[in-house]
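All chains should be modelled from the sequences, with the hints used to inform the complete structure.
This is what each chain is made of:
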Amino acid sequence: MIVNQRKEVPLDSIAISTPAVPEKKLLRLWIKRITSNFVVRKAARAVFTIWFVTTLTFFLVRLMPSNPIEVFINELIVQYGLPYAEARDQAASLFAIDLDAPLHIQYFSYMGQLLQGNLGESLRSPGTPVWDIIIAFLPWTLFSVGIALLLSFTLGVLIGMLLAYKRQALWEPAVSGFASGLSSIPNYIIGIVLLVYLGVYWNLVPIHKMRGSRSPGIEPGFTWVFISNIFFHAALPILTYVLSTIGSWILSMKSSTIGTLGEDYVTVARARGLSEGRITTAYVGRNAMLPLITQLLISIGFVVGGSILIESIFVYQGIGFRLLEALRSRDYPLMQGIFLIITSSVVVSNLIADFIYGWFDPRVRVAGGE
Amino acid sequence: MAKASLDSTTLQDLMPRTGIRYLPGRVWKGIGRFLKLMSRNKTGFAGFVLFIGFVLMTTVGTAIVPRATRADITKIYVAPSREHPLGTDSQGRDIMSQIVHGGRDILQMALLTGLISTFVGVALGSLSALVGGGFDAFLSMLADIWLTIPTFPLLAVLATMVKLDNLIYLALLLALLSWAGLYRAIRAQVFSIKERDYIEAAMALDLGLWHIIFSEVLPNMLSYIAISFTFAMTAAIYAQVGLVFLGLVPLTRNWGVMINLAWTQGAIFFKDSVYFIMAPVTAIALFQLSVVWMSRSLEEIFNPRLRTG
Chain A
1 MIVNQRKEVP LDSIAISTPA VPEKKLLRLW IKRITSNFVV RKAARAVFTI WFVTTLTFFL
61 VRLMPSNPIE VFINELIVQY GLPYAEARDQ AASLFAIDLD APLHIQYFSY MGQLLQGNLG
121 ESLRSPGTPV WDIIIAFLPW TLFSVGIALL LSFTLGVLIG MLLAYKRQAL WEPAVSGFAS
181 GLSSIPNYII GIVLLVYLGV YWNLVPIHKM RGSRSPGIEP GFTWVFISNI FFHAALPILT
241 YVLSTIGSWI LSMKSSTIGT LGEDYVTVAR ARGLSEGRIT TAYVGRNAML PLITQLLISI
301 GFVVGGSILI ESIFVYQGIG FRLLEALRSR DYPLMQGIFL IITSSVVVSN LIADFIYGWF
361 DPRVRVAGGE
Chain B
1 MAKASLDSTT LQDLMPRTGI RYLPGRVWKG IGRFLKLMSR NKTGFAGFVL FIGFVLMTTV
61 GTAIVPRATR ADITKIYVAP SREHPLGTDS QGRDIMSQIV HGGRDILQMA LLTGLISTFV
121 GVALGSLSAL VGGGFDAFLS MLADIWLTIP TFPLLAVLAT MVKLDNLIYL ALLLALLSWA
181 GLYRAIRAQV FSIKERDYIE AAMALDLGLW HIIFSEVLPN MLSYIAISFT FAMTAAIYAQ
241 VGLVFLGLVP LTRNWGVMIN LAWTQGAIFF KDSVYFIMAP VTAIALFQLS VVWMSRSLEE
301 IFNPRLRTG
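Going line by line, the protein sequences match chains A and B.
Positions 1 to 370 (this note's numbering) are the ones given, in order, by the first sequence.
Positions 1 to 309 (this note's numbering) are the ones given, in order, by the second sequence.
Derived by calculation from the structure, the hints in this document are not laboratory data.
Hints are not guaranteed to be accurate.
Claimed, not checked - Away from chain A, derived, C-beta distances all over 10 Å, residues of chain B:
1. K36
2. M38
3. L56
4. E83
5. I168
6. S215
7. F245
Stated by the list, open to error - Derived Cβ-Cβ restraints for the label pairs, each shown as a range:
8. A:P83 to B:A123: 47 to 57 Å
9. A:Y197 to B:A137: 23 to 33 Å
10. B:F34 to A:S228: 48 to 58 Å
11. A:F360 to B:F135: 29 to 39 Å
12. B:G32 to A:P206: 55 to 65 Å
13. A:R28 to B:Y198: 50 to 60 Å
14. A:G146 to B:G53: 38 to 48 Å
15. B:T282 to A:F232: 22 to 32 Å
16. A:F48 to B:G132: 19 to 29 Å
To be verified - Output of the computed footprint for chain B on chain A, the stretches with three or more beta carbons under 8 Å from beta carbons of chain B:
17. 106-120
18. 173-184
19. 208-222
What you are looking at is a predicted structure, and each value in this text was computed from that prediction instead of being measured.
Every residue, glycine too, gets a C-beta built ideally from N, C-alpha and C.
Rendered as structure tokens:
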């Protein structure tokens with residue numbers, strides 16, 4: 001941090017006060033400025049990650065012992081009695097790839113298609129672009145996961161702070177124990193238990209009506225009917241996500257708050273006679289929440305990844321549900337496309353979280369390294 | 001620790017006239033101290049007892065309880081009784097016996113994955129921190145990218161291309177996917193330990209790299225390693241049971257397969273069959289709970305600064 005600052009001070013004075021510096025050097029300084037910029041660095045890493053994952057899946061699909069393209073060609077020959085050349089052509093068009101070209105040419109043409117937003121066509125419903133399927137299913141996952149994480153993060157932070165302030169109370173160990181229990185049980189186990197008890201054993205919620213992402217015949221729009229309907233259908237997945245993540249928020253916030261309460265600046269703030277409310281929100285709360293934001297960005301990936309399990313339990317038609325269908329029917333282009341989109345959405349949400357973190361904690365923006 | 005006492009008897013047979021013959025007494029004392037430390041944290045001890053219970057069930061229990069393989073149509077979904085403590089499943093087989101026999105796979109795989117990923121994480125993490133430079137920069141960038149890849153969907157996609165019916169392959173794959181988190185923790189830890197005074201003192205005394213790594217650095221990281229090991233175990237169980245539940249990985253009878261069967265046969269929709277699905281669900285939940293709780297005691301044992309009073 002210190003090294004960085006020392007570098008930056010003469011940099012400014014050079015650029016402003018001495019125009020005699022050769023232009024080449026100035027350019028290099030500007031390039032260095034841009035590359036050491038917080039936003040640029042994070043964005044570049046996000047792009048690199050997406051490229052890395054795309055490349056990884058491309059070569060995985062083609063170099064695996066049971067190459068999916070070969071499997072598909074064989075399937076066409078066996079099922080429809082197509083001659084080899086014809087089956088191969090069909091496979092090539094569906095995978096949007098020239099199978100005769102060497103691997104690296106295939107790779108570049110695939111990447112070129114991808115950059116134009118072409119993910120190929122689904123194998124099981126020919127003629128439907130993978131992209132259209134993703135557009136139809138992804139919003140539901142983002143909606144349910146987003147709402148759930150927001151809810152559980154807010155509730156968890158509040159409960160965690162309360163526990164930290166009331167850590168002498170008799171009921172505190174009970175709540176903490178419950179939270180640690182909840183956080184260690186896999187989310188699909190929670191989902192199954194909710195379904196079995198709420199839906200069947202106690203018959204509290206009509207699970208058959210709650211299947212799907214919305215009831216048939218309801219038009220999307222900014223109407224009460226539509227909004228209440230989508231919340232009705234998303235209620236159980238959201239409840240599952242909240243229950244499975246809230247425990248770790250509570251516990252981390254509790255220990256983080258206890259740590260912050262012992263800091264000198266909190267004592268100083270008390271000594272200055274600031275109101276307890278202001279100390280709690282601006283001094284303790286804001287600082288104690290910082291480490292949790294990093295956790296939030298990691299959990300986004302985990303929860304979106306886990307949606308494949310939760311959505312198939314509740315038959316909620318999000319991207320995880322569709323991915324499972326693609327996996328079962330071996331619809332490789334769709335599988336590849338959905339996996340790419342899930343990864344991208346995780347990377348992008350991490351990027352956003354990084355920026356939010358930089359906004360919360362100015363120290364991150366200044367410091368060069370991790 | 002319990003294992004050490006078994007080994008000591010064989011050692012004693014091999015070398016009867018050395019100091020080793022006093023070992024049994026020391027081992028018992030060691031076990032006593034271990035249990036005493038374990039019991040300091042009540043939650044941790046409860047987890048430890050539960051964990052030992054699961055281990056006993058999958059080792060000794062499988063020898064006592066006969067495996068229920070024969071279907072019996074006259075006893076479909078029988079309520080719990082003395083003969084069938086947890087009732088029977090959709091084919092009239094005893095659920096209790098399936099629970100006892102269905103844990104071995106899961107425990108073995110979890111331990112194996114935990115061991116491999118801990119080893120990889122510790123080795124790469126400490127190497128990265130000690131070597132530094134471009135090697136360190138490359139590995140930490142790779143780890144950052146690795147952490148953003150959603151593991152479970154990747155596993156699910158992989159399961160359609162490679163047959164993951166082998167326990168060891170699955171463990172290797174799971175470990176390969178989960179090294180990054182531990183790598184980061186260990187790397188940060190080694191970096192901070194490297195700067196401490198006692199390491200500098202050891203360096204100044206020229207105690208040798210191996211001595212420094214194994215006697216000075218590693219003991220101070222044991223709590224991290226123990227915690228990471230338990231995390232890797234729970235993550236492995238999450239992934240394995242999840243894959244089996246979705247029907248993407250064919251494995252022999254285990255708790256995940258039981259949930260999958262109960263699910264696909266519609267057992268969740270009848271009140272009579274609630275034991276069929278709830279028994280494996282409870283077993284998995286309790287096992288995860290025992291591992292997580294046990295990690296608290298482990299943390300205290302390896303990190304004396306946490307012990308209060």
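Least C-beta distance from L56 (chain B) to chain A larger than 10 Å: Nearest chain A Cβ is 21 Å from L56 (chain B), so the label holds.
Would you check chain B against the region 173-184 of chain A, counting CB to CB pairs closer than 8 Å, and say if three or more residues qualify? holds (count 5)
Given a hint of 23 to 33 Å, does the C-beta separation of Y197 (chain A) and A137 (chain B) actually sit inside it? Since Y197 (chain A) and A137 (chain B) have Cβ atoms about 51 Å apart, the given range 23 to 33 Å is violated.
Check the non-interface label on F245 (chain B): least C-beta distance to chain A beyond 10 Å or not. Nearest chain A Cβ is 6 Å from F245 (chain B), so the label is violated.
CB-CB spacing for F232 (chain A) and T282 (chain B) relative to the 22 to 32 Å hint: 29 Å, holds
R28 (chain A) versus Y198 (chain B) beta-carbon gap, inside 50 to 60 Å or not: Hint violated: Cβ distance 44 Å, outside 50 to 60 Å.
CB-CB spacing for G53 (chain B) and G146 (chain A) relative to the 38 to 48 Å hint: 40 Å Cβ-Cβ, so the 38 to 48 Å window holds.
Would you check whether the claim that I168 (chain B) is not at the interface survives, using Cβ distances to chain A and the 10 Å cut-off? Non-interface label on I168 (chain B) holds, nearest chain A Cβ at 17 Å vs cutoff 10 Å.
Is the gap between the beta carbons of F34 (chain B) and S228 (chain A) within 48 to 58 Å? The hinted range 48 to 58 Å holds for F34 (chain B) and S228 (chain A), with Cβ atoms some 57 Å apart.
Does M38 (chain B) really sit off the interface, with its C-beta more than 10 Å from all C-beta atoms of chain A? 18 Å, holds
At the C-beta level, are F360 (chain A) and F135 (chain B) separated by a distance inside 29 to 39 Å? 32 Å, holds
Report holds or violated for chain B covering the region 208-222 of chain A, Cβ cut-off 8 Å, minimum 3 residues. violated (count 0)
The structure fails to meet hints 7, 9, 13, 17, 19 from the earlier list, while all remaining hints are met.
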